Amino acid sequence: KAGVTQTPRYLIKTRGQQVTLSCSPISGHRSVSWYQQTPGQGLQFLFEYFSETQRNKGNFPGRFSGRQFSNSRSEMNVSTLELGDSALYLCASSLASRTSGGALTYNEQFFGPGTRLTVL
Amino acid sequence: GENVEQHPSTLSVQEGDSAVIKCTYSDSASNYFPWYKQELGKRPQLIIDIRSNVGEKKDQRIAVTLNKTAKHFSLHITETQPEDSAVYFCAGGGSTLGRLYFGRGTQLTVWP
Numbered sequence: 001k002a003g004v005t006q007t008p009r010y011l012i013k014t015r016g017q018q019v020t021l022s023c024s025p026i027s028g029h030r031s032v033s034w035y036q037q038t039p040g041q042g043l044q045f046l047f048e049y050f051s052e053t054q055r056n057k058g059n060f061p062g063r064f065s066g067r068q069f070s071n072s073r074s075e076m077n078v079s080t081l082e083l084g085d086s087a088l089y090l091c092a093s094s095l096a097s098r099t100s101g102g103a104l105t106y107n108e109q110f111f112g113p114g115t116r117l118t119v120l
Numbered sequence: 121g122e123n124v125e126q127h128p129s130t131l132s133v134q135e136g137d138s139a140v141i142k143c144t145y146s147d148s149a150s151n152y153f154p155w156y157k158q159e160l161g162k163r164p165q166l167i168i169d170i171r172s173n174v175g176e177k178k179d180q181r182i183a184v185t186l187n188k189t190a191k192h193f194s195l196h197i198t199e200t201q202p203e204d205s206a207v208y209f210c211a212g213g214g215s216t217l218g219r220l221y222f223g224r225g226t227q228l229t230v231w232p
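From first to last, the protein sequence lines stand for chains A and B. Read in order, the letters of the first sequence correspond to residues 1 to 120 in my numbering. Read in order, the letters of the second sequence correspond to residues 121 to 232 in my numbering.
Because the hints were derived from the structure by calculation, they are not lab data. Quick caveat: nothing in here was measured; it's all calculated off a predicted structure. We put the beta carbon where it would ideally sit given N, CA and C, even for glycine. Hints should not be assumed to be uniformly reliable.
Claimed, not checked - Capping the alpha-carbon separation at 35 Å, the derived lysine-lysine pairs in DSBU-like fashion look like this: (1) 188/B to 57/A; (2) 57/A to 177/B; (3) 191/B to 162/B; (4) 13/A to 162/B; (5) 162/B to 178/B; (6) 142/B to 188/B; (7) 57/A to 142/B; (8) 188/B to 178/B; (9) 162/B to 142/B; (10) 191/B to 13/A; (11) 177/B to 191/B; (12) 57/A to 191/B; (13) 57/A to 162/B.
Stated by the list, open to error - Away from chain B, derived, C-beta distances all over 12 Å, residues of chain A: (14) 8; (15) 15; (16) 16; (17) 18; (18) 20; (19) 40; (20) 44; (21) 62; (22) 69; (23) 73; (24) 90; (25) 118; (26) 120.
To be verified - Covered by chain B, according to a simulated footprint, are these stretches of chain A (three or more residues, beta-carbon under 8 Å): (27) 21-30; (28) 79-85; (29) 93-107.
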């Protein structure tokens with residue numbers, strides 16, 4: 001199976017602009033999580049989507065948003081970019097499934113190559 | 121939320137020696153603990169994971185141990201090789217949650 005893919009791989013933007021990043025999960029994976037990676041803060045969780053619904057959200061401002069499409073592909077958007085938004089943005093897909101009782105169970109998370117965003 | 125702490129932040133070993141990286145977590149509800157290896161400029165890659173119903177898991181030169189009572193888990197790499205040099209991240213989370221809480225990473229350098 002093809003791995004997780006992300007586009008674009010590199011982006012350079014200026015303060016105040018907005019950006020949209022895309023993530024295509026492994027075929028059959030319905031959960032997509034987004035993380036921000038910086039040298040200072042490490043890997044921080046942004047949000048997670050399953051079946052087009054945001055199920056978890058990290059502690060980031062409202063400028064960070066996302067969505068998931070019916071084919072499980074996901075996008076994240078950052079509006080009004082700030083210098084501090086410069087980071088590697090990683091998405092991860094997981095083969096989540098529902099138990100007979102209706103609860104969601106997640107398996108391993110596999111990361112994409114990331115999008116390197118530089119804000120000038 | 122969960123808080124995962126990782127030590128040491130840097131680790132240098134001679135080729136052939138063993139390396140141990142330790143992590144602690146705070147939330148007793150966490151039941152899934154993966155380890156990722158990230159080489160420079162590449163994506164984090166899952167190398168091994170352990171669930172709370174298991175105390176130890178081994179895969180060739182890599183092993184992970186989990187102590188639920190003490191809320192800590194460790195990565196053990198034996199017979200280290202230069203290609204083991206990378207940043208290693210531990211993480212914790214619940215299997216019913218779609219998020220992982222990551223440690224700050226350990227830069228492992230294996231000298232030939």
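Hints and how they fare:
| no. | hint | in the structure |
| --- | --- | --- |
| 1 | 188/B to 57/A | holds (27 Å) |
| 2 | 57/A to 177/B | holds (31 Å) |
| 3 | 191/B to 162/B | holds (30 Å) |
| 4 | 13/A to 162/B | holds (22 Å) |
| 5 | 162/B to 178/B | holds (24 Å) |
| 6 | 142/B to 188/B | holds (14 Å) |
| 7 | 57/A to 142/B | holds (27 Å) |
| 8 | 188/B to 178/B | holds (18 Å) |
| 9 | 162/B to 142/B | holds (23 Å) |
| 10 | 191/B to 13/A | violated (42 Å) |
| 11 | 177/B to 191/B | holds (16 Å) |
| 12 | 57/A to 191/B | holds (25 Å) |
| 13 | 57/A to 162/B | holds (25 Å) |
| 14 | 8 | holds (15 Å) |
| 15 | 15 | holds (26 Å) |
| 16 | 16 | holds (29 Å) |
| 17 | 18 | holds (25 Å) |
| 18 | 20 | holds (20 Å) |
| 19 | 40 | violated (10 Å) |
| 20 | 44 | violated (8 Å) |
| 21 | 62 | holds (18 Å) |
| 22 | 69 | holds (17 Å) |
| 23 | 73 | holds (16 Å) |
| 24 | 90 | violated (7 Å) |
| 25 | 118 | holds (15 Å) |
| 26 | 120 | holds (21 Å) |
| 27 | 21-30 | violated (count 0) |
| 28 | 79-85 | violated (count 0) |
| 29 | 93-107 | holds (count 6) |
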